[in-house]
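2 protein chains.
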Amino acid sequence: MNYPNGRKKSIPLHGSDNQTKSSFSNRGMTLEDDINATNTYYLEMNKAIIHKKPTPVQIVKVNYPRRSAAVITEGYFKQASTTDYNGLYRERYIDFEAKETKNKTLFPLANIHEHQIKHMQSIVNHGGICFLIIRFAVYNETYYFPAEKLFSYWNDKLDGGKKSIPYEKIKLDGYLIPFQYQARVDYLAIIDKFYF
Amino acid sequence: MNYPNGRKKSIPLHGSDNQTKSSFSNRGMTLEDDINATNTYYLEMNKAIIHKKPTPVQIVKVNYPRRSAAVITEGYFKQASTTDYNGLYRERYIDFEAKETKNKTLFPLANIHEHQIKHMQSIVNHGGICFLIIRFAVYNETYYFPAEKLFSYWNDKLDGGKKSIPYEKIKLDGYLIPFQYQARVDYLAIIDKFYF
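Just so you know, the protein sequences line up as chains A and B, in that order. According to this note's numbering, the first sequence holds residues 1 to 196 in order. According to this note's numbering, the second sequence holds residues 1 to 196 in order.
Derived from the structure by calculation, the hints contain no laboratory data. Where hints are given, some of them may not hold.
[Unchecked claim] Taking lysine-lysine and the DSBU-like style, the derived pairs with C-alpha atoms no more than 35 Å apart in a straight line are:
| no. | chain 1 | residue 1 | chain 2 | residue 2 |
| --- | --- | --- | --- | --- |
| 1 | B | K102 | A | K47 |
| 2 | B | K47 | A | K118 |
| 3 | A | K52 | B | K53 |
| 4 | B | K149 | A | K157 |
| 5 | A | K193 | B | K102 |
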């Protein structure tokens, strides 16, 4: 009973840093846990309706004793074609991806897939609010990084440039997300500031 | 190798009529197939970015020979907490559920869950465009039915009223969605008319 990223939970794959497989163990909540708690809080406060999309699974075999007890006995993780989170806030469409890194000096662009970039570009073109949430685990700092800034680093990479975004640039071009007791990754505070 | 609703495909559960389990067999495309094809067309035309959410699966056991080949060996279908489709069109947040019925005279409200109604009410309150797509398979007619209309039938039901929406009312309060060659369920044509 092993999980793809070594975690003992029945959830993700996403949001984990695919650079560092060995874990610090028990560092507390993951970024995904914090964002889910934040979204639940936003929902309960009737502030925004933002959900994580289910992990896409290719279902191959299902054992079907009764309808209520159908058991998937063979399935595979599929790559997501979009970002992990989307929803609605103050009449605006919200769309983002969340990534945690244990790197101290940079955010590796390998964490993001080409088709996710395309999706994010479409969202921006159609008037959605789109961004990355990046956590530097070693500093316990979480940043709001606008999709528009990400695109320019991505294009640099395609042109043979760096395959990462330096931590210092994320501090500069991104916005530190405040930690709140209930909205533990209070990204709407940043959106309020820049869009409303 | 059976699937919960007797289909031989590695996809849904959703969108199927839970009233009629026996199928007409090979009636051609399901509503879900048609909507997915429509959304793909919208995406390719750069008209809208609307996706079906993955089927939520509770993953319990994963066999992990190599990361790239992780096999889910025990999983269960979970009930979705929201609707199946959402996205972005002309700067507006779009959210809908799609249901097909073989009934000739009514749409059973048992097709919709309480928490989906709550979700849809939130979406409307926060300025999203929210609706049902209902297909009457025997007539091969597909309707756009505004969430606001659905709520009043739902409230009637809660007050001890009918547990369904009569077909005639759906014709009256809903809008027949035109069939197009590529946009086979061209629901944006209805949205264009009523929101822009």
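Check your understanding: Hey, K102/B versus K47/A, does the alpha-carbon distance stay inside 35 Å?
Key -> violated (39 Å)
Review point. Does the structure keep K193/A and K102/B at a Cα separation of 35 Å or less?
Key: Roughly 50 Å between the alpha carbons, so the hint for K193/A and K102/B is violated.
Review point. Between K47/B and K118/A, does the CA-CA distance stay at or below 35 Å?
Key: This hinted pair holds, its Cα atoms lying about 14 Å apart.
Check your understanding: Hey, K52/A versus K53/B, does the alpha-carbon distance stay inside 35 Å?
Key -> Distance of about 10 Å is within 35 Å: holds.
Practice item. Take a quick look at whether K149/B and K157/A sit within 35 Å of each other, Cα to Cα. Key: violated (50 Å)
Violated hints, in rising order: 1, 4, 5; the structure is consistent with all others.
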